[in-house]
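Number of protein chains: 2
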Amino acid sequence: MSIEKSSLQAARSAYQPKLPKALQGPVKASEGAPTQSVGNQSEINGLFPNTYGMPMVEFVPASTENVVDFNIGVILSGGQAPGGHNVISGLFDGLKAINPGGKLYGFLMGPGGLVDHKYIELTSSIIDEYRNTGGFDIIGSGRTKLEETDQFESGIKILRELGIKALVIIGGDDSNTNACVLAEYYAAKNYGVQVIGCPKTIDGDLKNEQIETSFGFDTATKTYAELIGNIERDCNSARKYWQFSKRMGRSASHVARECALLTQPVVCLISEEVEASGQSLDQVVSYIADIVAKRAAAGKNFGTVLIPEGIIEFIPSIKRLIAELNDVLATEEAKTVAREDQIEYVKAHLSAENLAQFNSLPIDVACQLALDRDPHGNVQVSLIETEKLLSRMVAAKLAEWKKDGRYTGKFAAQHHFFGYEGRCATPSNFDADYCYSLGYNATKLIAAGKTGYMSIIKNTTAPANEWIAGGVPITMMMNLEKRSGKMKPVIRKALVETDGKPFKFFAANREKWAVEDCYVYPGPIQYWGPSEVCDLPTRTLQLEQSK
Amino acid sequence: MSIEKSSLQAARSAYQPKLPKALQGPVKASEGAPTQSVGNQSEINGLFPNTYGMPMVEFVPASTENVVDFNIGVILSGGQAPGGHNVISGLFDGLKAINPGGKLYGFLMGPGGLVDHKYIELTSSIIDEYRNTGGFDIIGSGRTKLEETDQFESGIKILRELGIKALVIIGGDDSNTNACVLAEYYAAKNYGVQVIGCPKTIDGDLKNEQIETSFGFDTATKTYAELIGNIERDCNSARKYWQFSKRMGRSASHVARECALLTQPVVCLISEEVEASGQSLDQVVSYIADIVAKRAAAGKNFGTVLIPEGIIEFIPSIKRLIAELNDVLATEEAKTVAREDQIEYVKAHLSAENLAQFNSLPIDVACQLALDRDPHGNVQVSLIETEKLLSRMVAAKLAEWKKDGRYTGKFAAQHHFFGYEGRCATPSNFDADYCYSLGYNATKLIAAGKTGYMSIIKNTTAPANEWIAGGVPITMMMNLEKRSGKMKPVIRKALVETDGKPFKFFAANREKWAVEDCYVYPGPIQYWGPSEVCDLPTRTLQLEQSK
Chain A
6 MSIEKSSLQA ARSAYQPKLP KALQGPVKAS EGAPTQSVGN QSEINGLFPN TYGMPMVEFV
66 PASTENVVDF NIGVILSGGQ APGGHNVISG LFDGLKAINP GGKLYGFLMG PGGLVDHKYI
126 ELTSSIIDEY RNTGGFDIIG SGRTKLEETD QFESGIKILR ELGIKALVII GGDDSNTNAC
186 VLAEYYAAKN YGVQVIGCPK TIDGDLKNEQ IETSFGFDTA TKTYAELIGN IERDCNSARK
246 YWQFSKRMGR SASHVARECA LLTQPVVCLI SEEVEASGQS LDQVVSYIAD IVAKRAAAGK
306 NFGTVLIPEG IIEFIPSIKR LIAELNDVLA TEEAKTVARE DQIEYVKAHL SAENLAQFNS
366 LPIDVACQLA LDRDPHGNVQ VSLIETEKLL SRMVAAKLAE WKKDGRYTGK FAAQHHFFGY
426 EGRCATPSNF DADYCYSLGY NATKLIAAGK TGYMSIIKNT TAPANEWIAG GVPITMMMNL
486 EKRSGKMKPV IRKALVETDG KPFKFFAANR EKWAVEDCYV YPGPIQYWGP SEVCDLPTRT
546 LQLEQSK
Chain B
6 MSIEKSSLQA ARSAYQPKLP KALQGPVKAS EGAPTQSVGN QSEINGLFPN TYGMPMVEFV
66 PASTENVVDF NIGVILSGGQ APGGHNVISG LFDGLKAINP GGKLYGFLMG PGGLVDHKYI
126 ELTSSIIDEY RNTGGFDIIG SGRTKLEETD QFESGIKILR ELGIKALVII GGDDSNTNAC
186 VLAEYYAAKN YGVQVIGCPK TIDGDLKNEQ IETSFGFDTA TKTYAELIGN IERDCNSARK
246 YWQFSKRMGR SASHVARECA LLTQPVVCLI SEEVEASGQS LDQVVSYIAD IVAKRAAAGK
306 NFGTVLIPEG IIEFIPSIKR LIAELNDVLA TEEAKTVARE DQIEYVKAHL SAENLAQFNS
366 LPIDVACQLA LDRDPHGNVQ VSLIETEKLL SRMVAAKLAE WKKDGRYTGK FAAQHHFFGY
426 EGRCATPSNF DADYCYSLGY NATKLIAAGK TGYMSIIKNT TAPANEWIAG GVPITMMMNL
486 EKRSGKMKPV IRKALVETDG KPFKFFAANR EKWAVEDCYV YPGPIQYWGP SEVCDLPTRT
546 LQLEQSK
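Chains as they are written, first to last, in the working numbering: chain A, 6 to 552; chain B, 6 to 552.
Watch out, some of these pointers could steer you wrong.
It does not matter which identical chain is used: a pair holds within one copy or between any two.
Claimed, not checked - In the DMTMM-like style, the derived pairs of lysine to aspartate or glutamate whose C-alpha atoms are separated by at most 25 Å in a straight line are:
hint: 1; residue 1: Lys245; residue 2: Glu390
hint: 2; residue 1: Lys498; residue 2: Glu280
hint: 3; residue 1: Lys509; residue 2: Glu9
hint: 4; residue 1: Lys408; residue 2: Glu338
hint: 5; residue 1: Lys402; residue 2: Asp346
hint: 6; residue 1: Lys352; residue 2: Glu329
hint: 7; residue 1: Lys407; residue 2: Glu345
hint: 8; residue 1: Lys10; residue 2: Asp522
hint: 9; residue 1: Lys393; residue 2: Asp346
hint: 10; residue 1: Lys393; residue 2: Asp369
hint: 11; residue 1: Lys123; residue 2: Glu521
hint: 12; residue 1: Lys463; residue 2: Glu70
hint: 13; residue 1: Lys340; residue 2: Asp409
Treat the hints as calculated values from the structure; they're not laboratory data.
Based on the provided sequences and hints, a complete structural model is requested.
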């Protein structure tokens, strides 16, 4: 197995990721008091009798460490995030340090590989091809959900066959919830297989008191910020366009906010704030149009607007329209309508209120809503070009204001969506070190006999040497939430807190950023330059951990 | 004047760009034989009696150099390209080396600044803020064309008032053509002001025997290649999407081809080849669909497709449709049609042949064609989402083939457009050095009394120390071409040569790239790492200059 490498890949493969001091030699586990879940304690306890209430774990240096004989299995679950390969190389090196004869198996294309018994042994020659690289291509990823007893039972067969003592699941909140369900099941059955999770997602929404940041968020936001900075500079040079850009990040606005902190755009919407203040689509549009008008009055017919992917779900009138569209488009009759007649069909079937909203939308966005459906016949919310929707509606608003003399500028917009560009970027030094440490640390949790834990690394704004390594019981982060009509135990998702330090810093500065030109141009991620260029964690982390 | 800087900007500002050995001390001009234009010699000679037939110039080290007392004016013309600020800082340092008391004036927002007498003096404190940065924001850029005697006469007033001996115009082929027209006019009038051009454009189409590459092409293509590489890695990890991405680059396919050489995608279209082989839209679609089907047969329902921006202009049936749409939409009647009725209006007015083509297009592309018009009522070709057009038509073709049993895969596509992301990126070491050298060298052309020349740097695949600095008479690159119905003297635009080494390398490898997975992931531009990561010129240059 050999990959044709770019010069950066070749040079970067020699990078030795940093480990916390505690993980550099033999360790012992220092355990805290029993833990409680963040909500619904008695229900979560009832659902996870074997993995509830376990203590927090921190690893501290020890004089010796026993050699334990075990093999490990690893799964990449869900969307790609930079650093996944380093979690796996950390696992590999950590395993070899404890048990030189131990084997690491990778299940292919996500959790489905466990169920279907598709795997490879990850040898040192494979691992060495993937050190410090982006992507999940070493074993592929997938979105099969591990939820059913049949899956667990199928899994245990191959785990036993391969002599796997512990399974490491690298994933987001849902995947880690499922990791815990699996840990509980194997513990209840006394199958002797541990399950450990690792916190992955570029969206940044898997974080809490225990998890400072999910891996990949650093690299992805820095990659997007590079592009936003370039576009800001273009905007500031040509002085004639409004640049609307949407960013991946699911419901939460962590990605947009981190990018805003790095690049200081003219406008950045935060979905959580839009929802908290109950803004209508018209109010959001007016907010942007107002800034456009203010800048126009100062002779500046240009600017940049950052839009979080999730905003559409936070605006009630659009939410209602989408819900009705899903109903209208899901019927058997609707499926027989020819493509070119579909818009008329939709218009004929919408309620008056939603029809008015539909008709107010720009034609191409209306086309997307009426035509682009997922295999279940639902509108694909993630495909809606919110950046165009908003800019077109801002243009319409400004045209109204022009009639009143309230606005006299020119408004021309360009549109961008940044998502896939960042998910497989070459990990930053931070993510390379953080992920390697997460993986290495996971082997310590395994050696300590833990299950139902997530590997965690804390104190991440300090140099890597001072990072704190340990584990958190996954149940500790759970509460009950409604999913598909049923209450289910899930890891509580982190939305942007409008009373948190990062948001407050943003909110305190955005009026200045809106009117003056305060752009910052972060440039591309650097691996070999001065430390202040190469090694800084996210602004979010810096602000959160500032005194 | 102070800009809030990212840590990369701050660190990067200390970089001292490299100069060719010949420019590191006093120089003298070594002149070649008289030159001829590339075409229409007698007509070009007749139009440029004072600037035609001048010799090529090369600068060689000399023992001393006279101090000449002069000021310089500089203009940024047209679209942004990384390195413009370094041309200006090279000009500044070059000027100060010859004439420490000399002043550099920047005309604001493009050639219009000269005509309207809008300018600033570029002092060392301003220059120092912009060294090694992307963007054209130091003085802004614009697209006013310098073509009229009135403009030239207005210009000479301010040039004289400021004691400017020479004007440096940084621009693409059209801007340099106009620089030459201005040089000729001032020479004919004996106004005593020289005009020097600098070859700028990310599109890569300003190149010929004398100009090895236009500046910005290196950085822009490396920035796009970073993103394409990231998307390829994502594609290869998720193994479920076809990623269609379009790249900026005007008519020529240099940008797409360079990106293909750097990233080895599954498919890359080259407009010049499509035209040369007279392919119809259906043939282009079939070419892609055929590769999709081949990969599907091997279980690979994923891949990447690179599309040059200009391809739409090279497909005859689309060209005809656009031409008729422009006529249909330009009438007074069309302007009164309500937005929601516009598509029906268009359909009612197209000829049968073009209507069939229009109806065959995906609905959102049809919307764009019918609705998005420039201020003259024309279809905005650059806004047509060719990446969607092609992927939708590929999907339709595959659906047909599925009925015949010729294809049995799944086809899901994602779409990207990379353009504005690359125009203002922080210049690569190559562009930082090349641009600084172009600017520094321009001051030598000025000191040597040259006008109607473009600043050139050759031997660019060698280390900067060995680069060759000199000048080429702009008339040498000209021929007559039809513009808006009239024959005009213009610099011949370089299209991709299908018999050139870079294309041949691409063509020799693409079948392998299509079927096997040969992706290369270039990663972000590096400034401080190993030389083979930080200092390589484009693959195009490397192949062109290979023995």
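Here is how each hint holds up against the structure:
1. Lys245 x Glu390: For Lys245 and Glu390, both the intra-copy (22 Å) and inter-copy (21 Å) Cα distances are at most 25 Å.
2. Lys498 x Glu280: within (16 Å within a copy, 53 Å between copies)
3. Lys509 x Glu9: For Lys509 and Glu9, the Cα distance is within 25 Å only across copies (20 Å; inside one copy 46 Å).
4. Lys408 x Glu338: The answer is between: 23 Å across copies meets 25 Å, while 44 Å in one copy does not.
5. Lys402 x Asp346: Between copies only: 21 Å across chains, 29 Å inside a chain, cut-off 25 Å.
6. Lys352 x Glu329: Within one copy, since 11 Å is at most 25 Å while 30 Å is not.
7. Lys407 x Glu345: between (35 Å within a copy, 22 Å between copies)
8. Lys10 x Asp522: between (40 Å within a copy, 12 Å between copies)
9. Lys393 x Asp346: Both ways: Lys393 and Asp346 sit 23 Å apart in one copy and 20 Å across, limit 25 Å.
10. Lys393 x Asp369: This pair counts as both: shortest intra-copy Cα distance 9 Å, inter-copy 13 Å.
11. Lys123 x Glu521: Between copies, since 22 Å is at most 25 Å while 56 Å is not.
12. Lys463 x Glu70: Only inside one copy: Lys463 and Glu70 sit 23 Å apart there, 62 Å across copies, limit 25 Å.
13. Lys340 x Asp409: between (45 Å within a copy, 23 Å between copies)
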